[in-house]
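Chains as they are written, first to last, in our numbering: chain C, 10 to 379; chain V, 10 to 379; chain F, 10 to 379; chain E, 10 to 379.
If you are wondering where the hints come from, they were derived from the structure by calculation, not from laboratory data.
Just so you know, even glycine gets a beta-carbon here, dropped at the ideal spot from N, CA and C.
Treat the hints with caution; some may be incorrect.
Selected chain V positions facing chain C (Cβ under 8 Å, derived; list incomplete) [claimed, not checked]:
1) Q65
2) I81
3) T82
4) D297
5) D301
To give an idea of the interface, some chain C residues facing chain V are shown, with a C-beta separation under 8 Å as derived from the structure [said to hold, decoys possible]:
6) L83
7) L84
8) G186
9) D283
Number of protein chains: 4
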Amino acid sequence: MNAPTVAQIPPGIVNLEDHARHAHTVLDANAWAYFSGGAGDEITLRANRSAWDTRQLYPRVLQPLAGGHTRITLLGRALAHPILLAPVAFQRMAHPDGELASAYAAAALGAGMVLSTNSSIAIEKIAATALNESARGPFWFQLYLQDNRAHTLALVQRAELAGCDALVLTVDGPTDGARDRQRRAGFRLPSGVSAVHLADFRPMPAEPLHPGQSALFDGLLAHAPTWDDVAWLQTQTRLPVLLKGILHPADARQAAALGLAGIIVSNHGGRTLDTAPATAAVLPRIKDAVGDLPVLVDGGIRRGTDVLKAVALGASAVLIGRPYVYGLANAGAVGVAHVLRLLRDELEIAMALCGCQTLDQASPALLFEG
Amino acid sequence: MNAPTVAQIPPGIVNLEDHARHAHTVLDANAWAYFSGGAGDEITLRANRSAWDTRQLYPRVLQPLAGGHTRITLLGRALAHPILLAPVAFQRMAHPDGELASAYAAAALGAGMVLSTNSSIAIEKIAATALNESARGPFWFQLYLQDNRAHTLALVQRAELAGCDALVLTVDGPTDGARDRQRRAGFRLPSGVSAVHLADFRPMPAEPLHPGQSALFDGLLAHAPTWDDVAWLQTQTRLPVLLKGILHPADARQAAALGLAGIIVSNHGGRTLDTAPATAAVLPRIKDAVGDLPVLVDGGIRRGTDVLKAVALGASAVLIGRPYVYGLANAGAVGVAHVLRLLRDELEIAMALCGCQTLDQASPALLFEG
Amino acid sequence: MNAPTVAQIPPGIVNLEDHARHAHTVLDANAWAYFSGGAGDEITLRANRSAWDTRQLYPRVLQPLAGGHTRITLLGRALAHPILLAPVAFQRMAHPDGELASAYAAAALGAGMVLSTNSSIAIEKIAATALNESARGPFWFQLYLQDNRAHTLALVQRAELAGCDALVLTVDGPTDGARDRQRRAGFRLPSGVSAVHLADFRPMPAEPLHPGQSALFDGLLAHAPTWDDVAWLQTQTRLPVLLKGILHPADARQAAALGLAGIIVSNHGGRTLDTAPATAAVLPRIKDAVGDLPVLVDGGIRRGTDVLKAVALGASAVLIGRPYVYGLANAGAVGVAHVLRLLRDELEIAMALCGCQTLDQASPALLFEG
Amino acid sequence: MNAPTVAQIPPGIVNLEDHARHAHTVLDANAWAYFSGGAGDEITLRANRSAWDTRQLYPRVLQPLAGGHTRITLLGRALAHPILLAPVAFQRMAHPDGELASAYAAAALGAGMVLSTNSSIAIEKIAATALNESARGPFWFQLYLQDNRAHTLALVQRAELAGCDALVLTVDGPTDGARDRQRRAGFRLPSGVSAVHLADFRPMPAEPLHPGQSALFDGLLAHAPTWDDVAWLQTQTRLPVLLKGILHPADARQAAALGLAGIIVSNHGGRTLDTAPATAAVLPRIKDAVGDLPVLVDGGIRRGTDVLKAVALGASAVLIGRPYVYGLANAGAVGVAHVLRLLRDELEIAMALCGCQTLDQASPALLFEG
């Protein structure tokens, strides 16, 4: 690969919210609406944040800390820390280097990366970068089931051939949420940015609707994925499959019963169903429901303390989305790396101040119940 | 009828609150104060909204969705969706086409309409429009009991002759609330707008008050309706009668005991008793109290998620008031239709993201208790 | 007496908060700081208001309302309504007519009045007005126990001779609160305004403090009143004595045990101990503690709904302070009368909308527990 | 010693927040960021304040108050009141007189003082002032354990020789918190201000890190103090040792088991772990855990009511930090004395209004549970 552009972190950026504020000045209104917006009144978007903020950590003192570390094991792989990059579409809207820069930074910082189906750069180019580093984290491919199973299989095969370690099947998007901010901004993909993996797929011709039929239920949702499609997918790939977008314990139990490799608790960053609960609020119930099955979580993670709380509440690892895209907008790969560095440093500080030598020691007892 | 004026939806309006914001720029201060204002400090007005916002929906994934729909049955009639237009007085203050435009849009979108006693256009003109469409929703007449029973009967007979499907007896207004915003604005009906149904009624001469008597209790309320009047009304009409303005379970049980056709849980859009509870908060208690009796609800419904929550909490259908008047102000019949369209589309999205194929599947389990 | 100045209510004033806003433009900074300010950070001042706002009334419909009324009986006297004017010092700072105007308005509107020890007009002048009207409410004298019992007795005798119906002994002020707003404004009594009842009293010479002694505990509080002083006062007057400033049930029980005539639940309008609880919060506990003993309440009453809530929670009557002083500032006696009129009208509306014909029907069941 | 500069209190300052607001105009941005800032998003910084604000005091009336006082006994020493100056580093950034002025004011007002390891003036100079006054409070030295035990012993010996009454070992800072405000401001110690006690210590050479090792866990924390170091310290000094920075009851019990002299409940003024609980929230649990062991508390104390609440919840005494530094910035020693005076006066008022003659009478029953 070509090394991505090297840029400087703008002065005054010392945390992830600083990156967001600066990105707001860098991105155009179209891209800002797309990346920052949520569904409806953005109640869930805000709830994701405030749910971490309002959970309180119970500090401990004078515990042995020397030689502590942030290492975890995830799907059998040792990772330097529990932070992954969530799948985010169309990253070339944020920076010309797009997903390539994100992958470069992830590999350098030992962070896992989940590449979106709607990547604006082809998986083969990215894999070369993502898999290049010996201390890299996992490289997973995020999959939307396509209406046409042949298309789905084509995507799965590209992911397998490119060397992906797992598939992340997103299941919370049978339809887009009401992304009002984006719609009000009249969002359009800029020229030169597209979902390159889908370029060759022809949409199936829609059956005409009868009077009284719903464009959604009788049209778009006519082929919405179900649990049967998940079972089918499992038969079509040798890769472990994780489900992303689970919030209800009953769905988590179903995933466990089907033998999936893991669950990502997510409300799609507040972009689908507004007034869905914050991920921090449902995480412990999901963990209770599935026992040893690995549970990851995203949504509103902005601080090392958030990461530690997530692990204490049962998460094996966390994913960040918008923050690294803002880092990407601000300084390309260097910006993404900076975001990962800041978050990991904060995590270590939080562990030290809570008397945790390792993340194994993080349990619900770490949280103060006021 | 003459088709109402055709107008364009102003750009940038993608939800009901956008309609409200735009209407604020379209309506004069007098009309805005009348339509938007509530009682007292508008605590209940705001509580109606926040009660829906703070209830959380529990998403489900991978459920079968194909062929789902929003259809319901209400008072024996199949409806395309559970959204009705609440009775709102004096709609010609919002737009020259007034109630006629609202009825036109309701019929076109399959929404029920409840025409106010204080309509600014005569019921006979509106009925022609409201009943015209084969896929129309119910057309109901909202009734205030008049001091003079002959007047009440005259209204009932006009409603019956015009073809109304039911009567909606509003019982929460023995006196107006303290509508401070409206009073501070010095509200007056503009010339050319009046309650045309009441034009021929002469008020009964008030008995002079003795010293120490209250203008309210000894004057205005001397003939305030009681349960006996409800029972009398039932003997005077062949139409089903629903009571609107019930918040207390004891009153709901009394309505059920009298054999009424349904209940509309309402605090009059926060326009009567300030600090009355939000309708979302009392709805489940009312439903518990009356079992199978149809319960509808209004108050603060602005989102498809609100509609789904209402149905999950026991409502057979919902009514919207201010939002469609704002649509009317913004673009006449087209504006009202746009409001109905937006709300129904959002409802479908919310159902899909909660794994509900039909509204029958919506139960209190759909709500996340945090 | 000379009838007080006749003034007009400024336009746009339709409730008590409107009076407050307008008074802010009428009063000078010195007087505004004195009347509007509270202790410390004014947490209790705001809590008094929000405690009424957040309590919710449960509306009832179709109850018999004709011939209802707001009448109560208090200390054996029939009153037209349960609203009294609380003792407020130095009312000539608000308007040249001072306490005389307030008394005039109270008598005209059938409201009780409690005259402050620190009145800026002599009780004898005011009594002539206050007792003049046949439909007047009670006329009570608020008493601070003086360091010198002879002074206390002199005040009691003036009150008795002037025809007062009762004494209200304020017990929550052994020392002033930390009235920061007032102190920051450098408050001083304007020339021509003084506590006329205390003009002839010479303060007792303070004993010099030893090093390490506290100016408060060893000085000002050396003669702070105790329960013994209350018992002594009861032996010195034929008038019923109420205690004002009780918030703790134990103190209320003690008052009942001593045979006092009533209790006024009060935190001095948030002017003494900041972060003391709101009066609405303690009222039910006080009522529980004392059974049939009359309990009155002040603090944050601004709405007819607040009055109804207070009665529902056990109050026999309520007192307002700042609101009528603002009415006084805005329009003299007419302003005070307007405030009383607005509040009583709102009370009647609230009763009607809650299905209460009389205040006897108001019980805790009137409050919705969310 | 030389008497510190005499200055005037700026007009309009009547409480501790006024001092803060004024100091913001006096301090340069660098010093303001250092003294006022907290960790992360400053959630704990704000929570410390709001936790005191939201606890409510239950006033009592007519209790005997004459001869009351604020005296306490702490570690066997009689004190005029329970207010101490917390250790704050680098006070010469706030005022040229620095820690000397603070010590002068503390001694004059009978307040205890805890001198920081990171004092910008040498302990020997300060001790002369701090120990000069017969009615002085305790003079304690705050200690950070140094990587090199010889350095720690050197500090202990200076403290003992200077006449300190106790050592306060701060245990909540194995690493600095993420002080984002300070970092964003690019904080640097101004020339001429330094930690004079540490001037002669050479840092131990850091061992080089292997790849994959953490600069924090494998570097800075390699010598982080543990309970063993506390036990060692106890064998090295004849002074009583208190632990500062305890929030968890398990740590408090451990401190009690080791025979420490007391505990200071503290979250370092919100400067270490953001989203740690407010000190007011954990104080009762700590007190429950350790029984008779003296417990002190800091964090957000700004009002006499806060002091009384702290004592009611089990604190033997309280410490203030930022407020006295602001007083120092505003008016040197006079400003510190003013802060202490204001707080003690407010404490006496609060006691009087709660019917407390002495602090012994303050118990959890003093708090209203709403």
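Under 8 Å, Cβ to Cβ, is where D283(C) needs to be relative to chain V, so tell me if that hint holds or is violated.
-> OK, holds: D283(C) within 8 Å of chain V, min 6 Å.
If you take the shortest Cβ to Cβ gap from Q65(V) to chain C, is it below 8 Å?
-> holds (5 Å)
Minimum Cβ distance from G186(C) to chain V below 8 Å?
-> holds (7 Å)
Minimum Cβ distance from I81(V) to chain C below 8 Å?
-> violated (14 Å)
Does the CB of T82(V) sit less than 8 Å away from some CB of chain C?
-> violated (15 Å)
With chain C as the partner, please determine if D301(V) meets the hint condition of a C-beta pair closer than 8 Å.
-> With a closest approach of 27 Å, the D301(V) hint is violated.
Restraint check, 8 Å cut-off on beta carbons, for L84(C) near chain V | violated (21 Å)
Can the hint on D297(V) be confirmed by a CB-to-CB distance to chain C that is less than 8 Å?
-> violated (23 Å)
Supplied contact hint for L83(C), tested at 8 Å Cβ to chain V = Since the shortest Cβ distance to chain V is 22 Å, the answer is violated.
When held up to the earlier numbered hints, the structure conflicts with 2, 3, 4, 5, 6 and 7 and fits the remainder.
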